[in-house]
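Colleague: Spelled out from the first residue to the last, the chains are:
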Amino acid sequence: MIQVTDHQDIVTIQLSGRFDFRLVKDFQDLLAREPKTWVVDLSQVDYVDSSALGMLLLLRDRVRGDPQRILLRGLQGQPRAVLTMAKFDRMFKME
Amino acid sequence: MDEPVALTAWIDSALAKIISDLGRARSLLADAMSRLQSTFTRLRDQLVQERALYEVTLREVNGTNTAVGLVGMLREVLTRCVDDMVRIGASSVKIMMEVESLRGHTSKVAQRGQQIEKIASTTRMLSLNARIEAQRIGSAGAVFRVVADEIKALANESGELSRAIRDALAVQSASLGQTSTAVSKLAASDLDHAVASYQQLGETVTKLGEMSSRSLALFARIQLETDAAIQALQFEDMLTQLLQSVSDKLELVRVACKGGSTDKLAELDARVQRDAVSQHSLGVGSVELF
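Just so you know, the protein sequences line up as chains D and F, in that order.
With the numbering used here, the residue at position 43 of the first sequence is 43, and numbering never jumps.
With the numbering used here, the residue at position 49 of the second sequence is 49, and numbering never jumps.
Hints may be right or wrong, so weigh each one.
Unchecked claim - Cross-link-like lysine to aspartate or glutamate pairs, in silico, DMTMM-like; alpha carbons within 20 Å at most:
#, chain 1, residue 1, chain 2, residue 2
1, D, LYS36, D, ASP20
2, F, LYS17, F, ASP192
3, F, LYS94, D, ASP9
4, D, LYS87, F, ASP190
5, F, LYS185, D, ASP26
6, F, LYS94, D, ASP29
7, F, LYS185, F, GLU100
8, F, LYS108, D, ASP66
9, F, LYS94, D, ASP6
10, D, LYS87, F, ASP192
11, D, LYS87, F, GLU100
12, D, LYS87, F, GLU76
13, D, LYS25, F, GLU100
14, F, LYS185, D, ASP61
15, F, LYS207, F, GLU60
16, F, LYS249, F, ASP263
17, F, LYS94, D, GLU95
18, F, LYS207, F, GLU55
What the hints assert, rightly or not - Computed from the model, here is a short list of chain F residues facing chain D with C-beta under 7 Å:
#, residue
19, MET85
20, ILE95
21, MET96
22, SER189
23, ALA196
24, LEU201
25, VAL205
26, LEU208
27, LEU216
28, PHE219
29, ALA220
Hints listed in this document are in silico derivations from the structure and should not be mistaken for laboratory results.
Model, not experiment: these values are computed from the prediction.
For glycine and all other residues, C-beta sits at the position ideal for the given N, C-alpha and C.
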C-alpha cells in the first residue's frame, strides 16, 4: 500500500504492509517527480524484499546520491534489520 | 641378665628397627615424590602445549591483525551475498520498469493500429461508394471504377497489415508480461535468511569469545596450580633431610644408651636439639646440609 503527498517541494511516500516488487509500477510513476526532498515513511511497513532495496537505490540515483535529499523514517523490525545489514544506514539519512 | 641391661638391649634393638623403618620411609617417600614430580611436570608441559594449540585455533577462528580468520571469512561471504542480492534487486527493478515502459509503448502502438484499421474501413466504404457512383454514370465512370477498386485493394492491404501488427504486438505484450513476472520473482529475494545468519554469526562470535576467555583463564589457573604443586614437591629434599636427621638423632640416643655413661650427655643433647631444617611450612626456607 502506498500513499503520496506533495507539499512545499517535499514528496512524502507513506508505505504500509509489505514493501516489495508489487510496488515497482507505483514507484516508477513517482520517479517522474522532481522534489527537493523525498521522505519515505516506513513506520507501517513490516516486510521488505530485495526489490524494495532496489527501489530505494533507484530513488537515490534520482537525487544523484545526495544523502540529504532522502529521509527514511520510522524504520523498525525486519525492515530495519535488512536495511542495516545492507549498510543502507551509510547511504541514507535515517530517523 | 639384670633388668637395666635387658632394657638397654631392648631399647637398642627397638631403635635399630625404628632407624631401619625410617630409612625405608625415606626411600619410599623419595620414590613417591620423584614420581609425583615427573607426573606434574609432564602435566604442566602437556598443558602448555594444549594452551598453545588452543591459542593457535583461536587465532585461526578470530583472525589477527594480518590475517582474516574463519569468522571474518564468514562475515565476508555473507556481506558479499547480501551485496549481490541488493544489486540483483536493483537491476531487476530497473528491468521491470523498462518492461513496463515497453508495455506502455506497445499499448500505444496497438491503439495507433486500431486507428489505421478504422481509416482502412472508412476508405473501403468510400471506395465502395465511388464504385457505385461510377457504375451509375455508366461508361464515363469506368476510370473511376478502376481507381475505386485500387483504393479498396489498398485499404484491404492496409487493414491486413494493421491486423498483422496488432497480432504481433499482442504476442510481444504477452512475452513482456512473462518477462516482467520472471524478473519480479528475481527481484523478490527474501533477505530474512541472511539477516538470521548475520544474527546467528554475531551470537556465535560472542559465545566463542566468552568461552575463550573462560578457557584461557582456566588454563592459566591450572598452570599456576601445577607450578605450585611442582614447587611444593621440590621440598622433598628437606623432608628427606629431616628424616635423616631423625635417624641420626635416634642413633645418638642408641649410642648413649649403649655407653651407659652420662659423661657425654651434654654434647649428645646439643646435637639432638639442633634443627636440621629451619622450615615449618612449604614457604621459603633453608636446608642445612650435612
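Colleague: For every hint, state whether the structure bears it out.
Modeller: Status of each hint after checking the structure:
For the hint pairing LYS36/D with ASP20/D, the CA-to-CA distance comes to about 25 Å; that exceeds 20 Å, so the pair is violated. Using a Cα cut-off of 20 Å, the hinted pair LYS17/F and ASP192/F is violated, with the two alpha carbons roughly 85 Å apart. Restraint check for LYS94/F and ASP9/D: the C-alpha separation of about 25 Å exceeds 20 Å, so the hint is violated. Using a Cα cut-off of 20 Å, the hinted pair LYS87/D and ASP190/F holds, with the two alpha carbons roughly 17 Å apart.
Straight-line distance between C-alpha atoms of LYS185/F and ASP26/D comes to about 17 Å, which keeps the hinted pair within the 20 Å bound. Proximity of LYS94/F to ASP29/D is assessed by CA-CA distance (about 13 Å); at most 20 Å being required, the pair is judged to hold. The hinted pair formed by LYS185/F and GLU100/F meets the criterion: a straight-line CA distance of about 15 Å does not exceed 20 Å. Restraint check for LYS108/F and ASP66/D: the C-alpha separation of about 36 Å exceeds 20 Å, so the hint is violated.
Distance restraint check for LYS94/F and ASP6/D: the Cα-Cα separation of roughly 24 Å exceeds the 20 Å cut-off, and the hinted pair is therefore not satisfied. For a cut-off of 20 Å, the pair hint linking LYS87/D to ASP192/F stands: about 15 Å separates their Cα positions. The suggested pairing of LYS87/D with GLU100/F is violated, with an alpha-carbon distance near 29 Å, which exceeds 20 Å. Taken as a hint, the LYS87/D and GLU76/F pair is honoured in the structure, with Cα atoms around 13 Å apart against an allowance of 20 Å.
Between the alpha carbons of LYS25/D and GLU100/F the distance comes to roughly 7 Å, so the proposed pair stays at or under 20 Å and holds. Between LYS185/F and ASP61/D the CA atoms are separated by roughly 23 Å; this puts the pair beyond 20 Å, and the hint is violated. This hinted pair checks out: LYS207/F and GLU60/F have alpha carbons roughly 16 Å apart, not beyond 20 Å. Restraint check for LYS249/F and ASP263/F: satisfied, since their Cα atoms lie roughly 18 Å apart, inside the 20 Å limit.
Restraint check: the Cα-Cα separation between LYS94/F and GLU95/D comes to about 27 Å, which exceeds 20 Å; the hinted pair is violated. With a CA separation close to 16 Å, the supplied pair LYS207/F and GLU55/F stays within the 20 Å bound. Restraint check, MET85/F versus chain D: the minimum CB separation of about 5 Å is within 7 Å; hint holds. Residue-level restraint check for ILE95/F is violated (minimum Cβ-Cβ distance to chain D is 10 Å; threshold 7 Å).
Against a cut-off of 7 Å between C-beta atoms, the interface hint on MET96/F holds, since the closest Cβ of chain D lies about 5 Å away. With its C-beta approaching chain D no nearer than about 4 Å, SER189/F sits inside the 7 Å limit, and its interface hint holds. About 9 Å separates the beta-carbon of ALA196/F from the nearest beta-carbon of chain D, more than 7 Å, and the hint is not met. Given the 7 Å rule on beta carbons, the hint for LEU201/F is violated: about 11 Å separates it from the nearest Cβ of chain D.
The beta carbon of VAL205/F comes no nearer than 15 Å to any beta carbon in chain D, farther than 7 Å, and the hint placing it at the interface is violated. Given hint, LEU208/F at the interface with chain D, is violated; its Cβ is 21 Å from that chain's nearest Cβ, farther than 7 Å. For LEU216/F, the interface hint is violated, the least distance from its beta-carbon to any beta-carbon of chain D being 31 Å, above 7 Å. About 36 Å separates the beta-carbon of PHE219/F from the nearest beta-carbon of chain D, more than 7 Å, and the hint is not met.
Because the closest C-beta pair between ALA220/F and chain D is about 38 Å apart, greater than 7 Å, the hint is violated.
In terms of the numbered hints stated before, the structure departs from hints 1, 2, 3, 8, 9, 11, 14, 17, 20, 23, 24, 25, 26, 27, 28, 29, listed from lowest to highest.
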